[in-house]
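K.L.:
Residues per chain are reported as follows:
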Amino acid sequence: MTDFILRALAAGLLIATISGLLGSFVVWRRMSYFGDTLAHSSLLGIALGILLDINLQLALIASALLFAGMLLLLQRNKSVATDTLLGILSHSTLAFGLLILALSDTVQVNLTGYLFGDLLTVSNTDILWILACSVLTSIVLLAFWNGFLAITVHEELARVEGVAVERLKALLVMLIALLIAVSMKIVGVLLITALLIIPPAAARKLAHTPEQMALGASVIGCVAVSAGLLMSWEWDTPAGPSVVVSACGVFLVLTLVQSLRGDEAQ
Amino acid sequence: MNRPCLIEATDIGVTFGTRQVLEHVSVKVHEGEVVTLIGPNGAGKTTLVRIMLGLVKPQRGRVQRRDGLRIGYMPQKLHIEPTLPITVRRFLELARHAGKTPIDEVLEEVRIAHLLDRQMRAISGGEMQRVLLARALTQSPQLLVLDEPAQGVDISGQAELYELINEIRTRHHCGVLMISHDLHLVMARTDEVICLNHHICCHGRPEQVSIDPSYLALFGRKEAESLAIYTHRHNHHHDLTGHVVESRHD
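Heads up: the protein sequence lines correspond to chains A and B, in order. Residues in the first sequence are numbered from -5 upward in steps of one, following the working numbering. Residues in the second sequence are numbered from 95 upward in steps of one, following the working numbering.
No lab work stands behind these hints, which were simulated from the structure alone. As the structure is a prediction and not an experimental result, all values here were calculated from the model. Note that beta-carbon positions come from the ideal geometry of N, C-alpha and C, so glycine has one too. Be a bit skeptical, because a hint or two may be false.
[As the list claims (entries may be wrong)] Straight line, CA to CA, 30 Å or less: simulated BS3-like cross-link-like pairs of lysine-lysine:
| hint | chain 1 | residue 1 | chain 2 | residue 2 |
| --- | --- | --- | --- | --- |
| 1 | A | 163 | B | 151 |
| 2 | B | 122 | B | 151 |
| 3 | A | 163 | B | 171 |
[Said to hold, decoys possible] Calculated Cβ distances over 12 Å to all of chain A for the following chain B residues:
| hint | residue |
| --- | --- |
| 4 | 104 |
| 5 | 105 |
| 6 | 114 |
| 7 | 125 |
| 8 | 147 |
| 9 | 179 |
| 10 | 197 |
| 11 | 206 |
| 12 | 207 |
| 13 | 233 |
| 14 | 239 |
| 15 | 264 |
| 16 | 267 |
| 17 | 275 |
| 18 | 294 |
| 19 | 305 |
Put together the whole structure using the sequences plus the hints.
P.N.:
Here it is, written out as structure tokens:
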């Protein structure tokens, strides 16, 4: 095997591992649309990065964190229903991003690369970014796992017990924004949330505890990345979609297994 | 009552949109005292409790708590996401400061040791209320706040649950603030009834409230009679230290 496939594998496995853990919270807290919105708005981040001529990865991270913060604030003052708000932001930021990219004719950007990702062009620098993000996320998750779980199971009980609910919520959202920003290149804007949602949904079929589900989702994500890359290598399919299709395949198999066994894990 | 005050809400006022939910409401709970909130649906009982817990900010008035007050809260019902697998044990361990009161002790107290490895979504209504009570006890509370604790519990279980709450209160000497519709079950053990319908209609000891005209107007004579009968019959249970007290009617 050549270098590029090994780099793709390393990047993919790291992202799948973190996605499984954070994705479980996305599923439990019903934040999938939130993830979508962040992913779409990141295109605006790229556009602004090009316009201002700054490092694209930095621009992506900064804009994702900024949008996440903005969403948190807007959500708090509940004048518009959350799903409507997310819908407005998601599509208008996407449109703004595309518009700016089209108007700035100085640089040609490989838009398809950002929309659908390109696992096979991952550079060593990309891997370093992903590695740094994974390490940071793992440390924060380990330190605050019980708190994150407590606010997810029952926010009010946690609040009465003196947990800093708002701070933990913001932290969790920022972790998700960070993950989306650094893994954008891998699976792309349109498919990034698939990696956050499908593996946890599949793992739910077999899990009895939150931890089993989260770790199971990581394992399933890694299987999907490996299978997707193999698919891409063998049949020359685009890598990002192949990974998502593999994850979907695992989900279907586990659904079938569960229905054959009867509803044990429920 | 000369016991120290645990929590005090003063002149609370809340409006949701144009609707006045609470108006000039003041409530106090002392150490070891049982305060029961009654009132029709939509009277603002849950809102008042949520304000006292610090979950909702009132537009008017303020809530003062004794420094470092430990509260055990039992919400009306608990919705667990179907996508979130969690056992009773894990749910109890999630409580903050869970280490302070050993889980085993709490389990024994509410008698749910056999449920530990069950999924939260697979237990019955009555079992769920006991689990929630256990979670509240992990806080070694000085104040128990119960929002319709017997909801979803069958009739025979209700009396048992209230008996359990009373045992806990006696053992831990904690104050209790509760919302309840089960007047016949809770009144005998209640020190202060607050009849709420956006404002405080009347309040006082159960036997006083039961003859208050505004209470009669709200609940009708039949309910009022049952309240009077039960408070009379169980008068001697009132004392917190376990002494039988003289009937106050004599």
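K.L.:
Go through the numbered hints given earlier and state which of them the structure violates, listing their numbers in rising order.
P.N.:
Result: hints 8, 9, 13, 14 break, sorted rising.
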